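Chain residues, written in single-letter form:
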Amino acid sequence: MVVKQEEKSVFDREELMTGTDAVAEAVKLVDVDVFAAYPIRPYTGVMDRLARFIANGDLDAEYIVADGEHSQFEIGKHASSVGARAFVGSSGVGWLYAMESIGVTATDRLPLVALVGNRALDDPGAFGVEHNDALLVRDLGWLLCWASTAQEALDTTLIAYRVAEDPKVRMPAAVAMDGGYLTHSQHMVRVPTKEAVRDFLPTYDLGNRRMHPDNPVSIAPQVNEDWVMELRRQNYEAAKRSRKVITSAYEEYNSIFHSDYEDPFIEETNVEDADTVLVGMGSAAVVARSVANEMRREGKKVGFLKIRWYRPYPTDEIRKALSNVSNVGIIERNFAMGAPDDGAITMHDLQSALYDSKNHPRVVDFIAGLGGREISKKEVRKMFEMTADKKSPKVSWIGLRE
Amino acid sequence: MMQTQKPHLIRLEVNYRGIFQKTLAYHISGDVVYAAHKEGKTAFSNGRYSDDPQRNGIPCANFAYFSKDLTEEDLEAEASASMDITEAEVVVVLDDTMVKGLEPWGGYGIRPINEKVVKDGVVLIVSNRKPADLIAQMEKKKFPYRIAILPGEASFAGLWYFKDDMTDVRVLGAIAKVAPEIASIDTVANYVASKYKSKEKAAAARKAYEEVKVSTVNAGEGIDWPYPKPILPGWKDFDEGVYVKGVKRGFQMGPRGQNRNPDFKRGTSKTQRPVVRFDLCTKCTLCWYDCPDEVFDPTTDGLYDVNYEYCTGCGRCAEVCPVEDCIVMVDELKFENQDSPYVLYKKDPENYVKWAEDKKGKERLMPSPVTGKGSTVSKVETPKPFKKGVVK
Ligand code: SF4
Ligand code: SF4
Chain Z
0 MVVKQEEKSV FDREELMTGT DAVAEAVKLV DVDVFAAYPI RPYTGVMDRL ARFIANGDLD
60 AEYIVADGEH SQFEIGKHAS SVGARAFVGS SGVGWLYAME SIGVTATDRL PLVALVGNRA
120 LDDPGAFGVE HNDALLVRDL GWLLCWASTA QEALDTTLIA YRVAEDPKVR MPAAVAMDGG
180 YLTHSQHMVR VPTKEAVRDF LPTYDLGNRR MHPDNPVSIA PQVNEDWVME LRRQNYEAAK
240 RSRKVITSAY EEYNSIFHSD YEDPFIEETN VEDADTVLVG MGSAAVVARS VANEMRREGK
300 KVGFLKIRWY RPYPTDEIRK ALSNVSNVGI IERNFAMGAP DDGAITMHDL QSALYDSKNH
360 PRVVDFIAGL GGREISKKEV RKMFEMTADK KSPKVSWIGL RE
Chain F
0 MMQTQKPHLI RLEVNYRGIF QKTLAYHISG DVVYAAHKEG KTAFSNGRYS DDPQRNGIPC
60 ANFAYFSKDL TEEDLEAEAS ASMDITEAEV VVVLDDTMVK GLEPWGGYGI RPINEKVVKD
120 GVVLIVSNRK PADLIAQMEK KKFPYRIAIL PGEASFAGLW YFKDDMTDVR VLGAIAKVAP
180 EIASIDTVAN YVASKYKSKE KAAAARKAYE EVKVSTVNAG EGIDWPYPKP ILPGWKDFDE
240 GVYVKGVKRG FQMGPRGQNR NPDFKRGTSK TQRPVVRFDL CTKCTLCWYD CPDEVFDPTT
300 DGLYDVNYEY CTGCGRCAEV CPVEDCIVMV DELKFENQDS PYVLYKKDPE NYVKWAEDKK
360 GKERLMPSPV TGKGSTVSKV ETPKPFKKGV VK
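Here the protein sequences come in this chain order: Z and F. So the first sequence is numbered by numbering that gives the first Met the number 0: it starts at 0 and just counts up by one. So the second sequence is numbered by numbering that gives the first Met the number 0: it starts at 0 and just counts up by one.
Just so you know, these hints were derived from the structure itself, not from any lab.
25 angstroms max Cα-Cα, derived DMTMM-like pairs, lysine to aspartate or glutamate:
{"#": "1", "chain 1": "F", "residue 1": "Lys194", "chain 2": "Z", "residue 2": "Glu14"}
{"#": "2", "chain 1": "F", "residue 1": "Lys67", "chain 2": "Z", "residue 2": "Glu293"}
{"#": "3", "chain 1": "Z", "residue 1": "Lys319", "chain 2": "Z", "residue 2": "Glu250"}
{"#": "4", "chain 1": "Z", "residue 1": "Lys299", "chain 2": "Z", "residue 2": "Asp274"}
{"#": "5", "chain 1": "Z", "residue 1": "Lys381", "chain 2": "F", "residue 2": "Glu77"}
{"#": "6", "chain 1": "F", "residue 1": "Lys5", "chain 2": "Z", "residue 2": "Glu384"}
{"#": "7", "chain 1": "Z", "residue 1": "Lys377", "chain 2": "Z", "residue 2": "Glu267"}
Remember, it's a predicted structure, so these values are computed and weren't measured experimentally.
Sequences and hints are given; from them, build the entire structure.
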């Protein structure tokens, strides 16, 4: 990558990094005060690197190894409530073990940022990617997004802090990425300077809610039916407001770091004039984009739409992008047993977003890549072909051994 | 425009031992990508996700991919959509005991080290042994390929500690020799000099380039190497839920008397194995009791046989054995088979002791008591004489 002369000041260097290295670098750049840890692959990658930063004197932070994920997330939540910028993370069943804490971090409206290194919910034992872990928080008041490259992992972590801590939002944010495919793959990443990140990300300030000896407050008191509904409405509005905050965060990120995030929420590859579009999240995007470009070169009118932010859901963006498309297929790295039409999770959100739009594209669903099973070029091509074929079933399993 | 031609693609595999060589392997697979970038090539690397690099000695692999004409995204789509690769143009082996085979996880059997090498590809091994000795332990191929030996002992260090004995840059120099299409030696040496700010490291890379010895392995050279095809049933072919058949309880005195998991033997984790002088054994039970992998089979005469198929070479038994020289860890490559040492001993005690002392040799590798310092070599003068009648 060519770094232009005037860009030099905002970048420190380019380095070969895994997705977890990139996240650790971002955590260092936002100058976290508290890093809570409990080992699980692939979060261990972030732990390793942050431990080294602290040991080398590159970062001054509390590194707290908890006795399990539940405590780890509690540590993050409490740190956040006293005005400390904190980072946590886990994957698969580790993330689930922390679920009680994850739920209340959202209802406490604390802007903690977490990494979910997507991993199958074992049993049976499996490290490979599935998105069910992260998707479990889609309705809990967490902001939720997927990174599909190491660069995006770094950028998105920085942006997640900015959005989460914004006084108009103050919601926790989860940055998800595919275990294995992104977390263990090394690519070149442009690393911003500390100064430039400081310009982008204001100091964390929880305002009147900050728990401090000089500001004694009791967080999460017993309120029962007196206040809960009103609190939910506050949270609901904050989630709505977060769309605008995300948009302006990306605008500023683009202008400071010369990145080219055209739309913060979705990323389109040849979608504009396509008849057939595949939609997906995470690292499958890398293969899907490559195939979409290849098929374009063959003259086929296909495109790929990557969803980056899943909460808040990009309703308008999806409607706009897919309203003139005839066939939409969704690559789902998740499952939803017994759901409507027996489809997986993201189909239902996508269909309901499209329901009120004028043109309904035909929507089919592909359950693929579960438990880390590869989604190869051949399979993406097959999904494009099946999506274009009006006779193909509503839901298909791709890459399954029959 | 249709893409008809196969894109230019080089796949490199770095085989290393969990913990001891994790950092080393990451240095190599990362640096080789940087070097290729210097020549304007597209390149990236990844680690095999299902490996256990945080476990002692477990065979693990990193990969790096290079192309002259693909974009990074297209290269990734082409090369690494899956977690393992099936073919490699360059196979790097950081510890020569891995030529005895790899069993990275259960159900796949013990795979030959040269499983993935393609026709005219190259297997580059860090070793002080002769090519013929190594080829004699590798799988017979239907096509010719090359073997390259970079002189040197396997470089081992701890999980956090990186032992900078220049193996990293020496391997880079050797790669430049065997696969100059990845990066030339000048590119490698310049990159090393600037990255490590060290003329010595650059010189080491150049020296390795000169030292590495490349020879051809003809089709049919090597040994037959049967390994099971993993059983991967269709979704209707197994019972609902998931379970695998457990190992039946079973216990008999004597060699191979205990039932162990036939689908995952773990023995390829070892770089050294315990050699037991049964004639010195006091039957204290400590080796049997302490072995973390339950490798010892008790025998009716109170001795403990070793099942080498399951031994991970951790050295615990040698540490706990209270009798000097009774259990000594010996380089795994010195052994031809996994046969029961107890059976050998019972057949001919005198010869067994001679055989054991011969394997042990006079140079003893002793792990350093301080982690990360490698090992020390101590000389043992004369092997203790065989005392007849100690054991009935
Ligand atoms: S080296 Fe000794 S203790 Fe370790 S696995 Fe082998 S037999 Fe057991
Ligand atoms: S530890 Fe040594 S002395 Fe004790 S039973 Fe084992 S081999 Fe014999």
